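Student: Given these sequences and hints, build the entire structure.
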Amino acid sequence: MRHTETDLRRLLTDQAHRQGGGEPSVRLDAIVRRGRRLRRTRRALTAGTAVVLAVTAVGLVNGLLPRSPRANVATAAQPPVNSAQIEPGPKLPDMFNVRLGAVEFDLPLIHSQRFETMGVARTVTFSPSSFSTGYKVVCDDPRAWVVTAGKLKGGERGGGVGRCGDSAGGHHDERSAPSDWLKRPQSMQVWVFPADAPVKKVAKAVTGCPSAIKSRGCDEAAQSRALFDPEVLERLSAEVGERPGRWAVGIYDRPAGTDSVPNGEPTAVVEHPTDSASAPTR
Amino acid sequence: MDDGFAEYVAHRHLRLCRMAYLLARDWGTAEDLVQTALAKAWLAWRRIEGNPDPYVYRIIVNTHTSWWRRRWRGEVPAETLPETPDPRDAASEIDDQAALWNAIGTLSPRQRAVIVLHYFEERTLSQVADIVGCSLGTVKTQLSRALSRLRVDPDIRTMSLEEVQR
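Residue numbers (our numbering), protein chains in the order written: chain A, 1 to 282; chain B, 1 to 166.
In short, the hints are calculated from the structure, not lab data.
Only a predicted model underlies this, so the values are computations on that prediction, with no experimental measurement involved.
Some clues are possibly wrong.
[Said to hold, decoys possible] Cβ-to-Cβ under 8 Å is the rule here; a few derived chain B residues that face chain A:
1) 10
2) 18
3) 100
4) 101
5) 107
6) 148
7) 150
8) 153
[As the list claims (entries may be wrong)] Simulated DEER-style distance windows between Cβ atoms:
9) B:141 / A:25: 37 to 45 Å
10) A:213 / B:4: 46 to 54 Å
11) A:13 / B:49: 24 to 32 Å
12) B:10 / A:182: 48 to 56 Å
[To be verified] With a Cα cut of at most 25 Å, we get these calculated DMTMM-like pairs of lysine to aspartate or glutamate:
13) A:200 / B:32
14) B:140 / B:153
15) B:140 / A:104
16) A:201 / B:153
17) A:153 / A:104
The C-beta atom is built at its ideal place from N, Cα and C for all residues, glycine as well.
Tutor: See below:
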């Protein structure tokens, strides 16, 4: 059976007018909201985001570091004594524990910001006082997804993805921090999504959510990797929308004038979120 | 608001959704496509000169192609269309329509875009080339291949009443 161009035109017209569920609703506010999110995402994530290598390398290094029993006890039994926060909501630890090989030290909280909603990008600006600067995100729901993006040594973007309870990172070496680290205020972007956000669905739709180990399918690690994709972030943000959910981000640093940390690896500490066993924070 | 953006959306939204549906073949995806395209157009609205349609169409086509590439998993296009026993039978006419619609679904996103823009949106092939972002020659090639796959013969003309009366 052969068709004519008229058949084709008629078919296309018929099909186009045969929509299910009535006419699609025009939601100008939703379009503009999505446009604003797009703009924020584009600003936050410049082209050529190079984060996976840094995350993987540092995650590996951290995974190899032995964890001292003391640190585990502190995590389990010693809730942070928090004097810096007086608002309700998730509490930030007052110290950030850093372990670089045999060297271990604590960084005090120098800056914090609290947010009442999640689902959209937030920018946190702070002034580092040394080349050893850490950050930690805490949420009412420790299973909430957290994505962070900041500047790496060469100016490229780096960051981390994972569940809120494990979300921490930073620079702990002069060689890892951008050259202007101490010269001007620095900023990082943070996205927090609900624990039940459709990460898997969006990841599968956008990237296919490939797993490093095929048999595991679109598991948590694959979903985390997918969240590095700006389009996944953008569409997830559009799908979730801004919704209530309290969280806070704390910046930790050495007091000004303190000697820098001894040389050592990792050069950039950005933990892989799914690798909770290697989290060196409280 | 925004120099006629709201008016454009109100005026063109349904038509854009219909066009997007012919590309995506799913109303939910079509609405998502259009919303994404309009959000991107909103960002560039002040820089768009003249009729925004080609710009918005281009975003829809490119976004659909990119989504399709990422979503495509295991859909196997048919090599041939099923033959029907009697082309004049009413039931077989419906089958023909279904077969043609299914065949459109087997086209590549670029070929489908060319078909939809040319036969549904009534764009000239030059305009299609501009929207799809390729040369006129490429559009002609894509169109020819698509029509061949759909078994649409441009040389067969449906005889209209006017033609009969002449």
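Student: So, residue 153 (chain B) near chain A? Judge it on the closest CB pair being under 8 Å.
Tutor: holds, 5 Å
Student: Does 24 to 32 Å hold as the CB distance between residue 13 (chain A) and residue 49 (chain B), or does it fail?
Tutor: holds, 31 Å
Student: Please verify that hint: residue 148 (chain B), Cβ, nearest Cβ of chain A, below 8 Å or not.
Tutor: violated, 11 Å
Student: Restraint: residue 150 (chain B) near chain A, CB-CB cut 8 Å. Satisfied or not?
Tutor: Nearest chain A Cβ about 7 Å off; hint holds.
Student: Do the alpha carbons of residue 201 (chain A) and residue 153 (chain B) lie within 25 Å of each other, as the hint requires?
Tutor: violated, 41 Å
Student: Given residue 10 (chain B) was flagged as interface, is its beta-carbon under 8 Å from a beta-carbon of chain A?
Tutor: holds, 6 Å
Student: So does residue 213 (chain A) sit 46 to 54 Å from residue 4 (chain B), Cβ to Cβ?
Tutor: holds, 52 Å
Student: May I ask you to test the hint 48 to 56 Å on the CB atoms belonging to residue 10 (chain B) and residue 182 (chain A)?
Tutor: holds, 52 Å
Student: Verify the proposed pairing of residue 140 (chain B) with residue 153 (chain B), using a straight-line Cα cut of 25 Å.
Tutor: At roughly 14 Å apart (the allowed maximum being 25 Å), residue 153 (chain B) and residue 140 (chain B) satisfy the hint.
Student: Against chain A, run the beta carbon of residue 101 (chain B) and see if the smallest gap drops under 8 Å.
Tutor: Check passed: Cβ of residue 101 (chain B) comes within 6 Å of chain A, closer than 8 Å.
Student: Is the straight-line distance between the alpha-carbon of residue 140 (chain B) and that of residue 104 (chain A) 25 Å or less?
Tutor: violated, 68 Å
Student: Is the straight-line distance between the alpha-carbon of residue 153 (chain A) and that of residue 104 (chain A) 25 Å or less?
Tutor: The hint holds at about 23 Å.
The structure is inconsistent with the numbered hints 5, 6, 15 and 16, although it conforms to all the rest.
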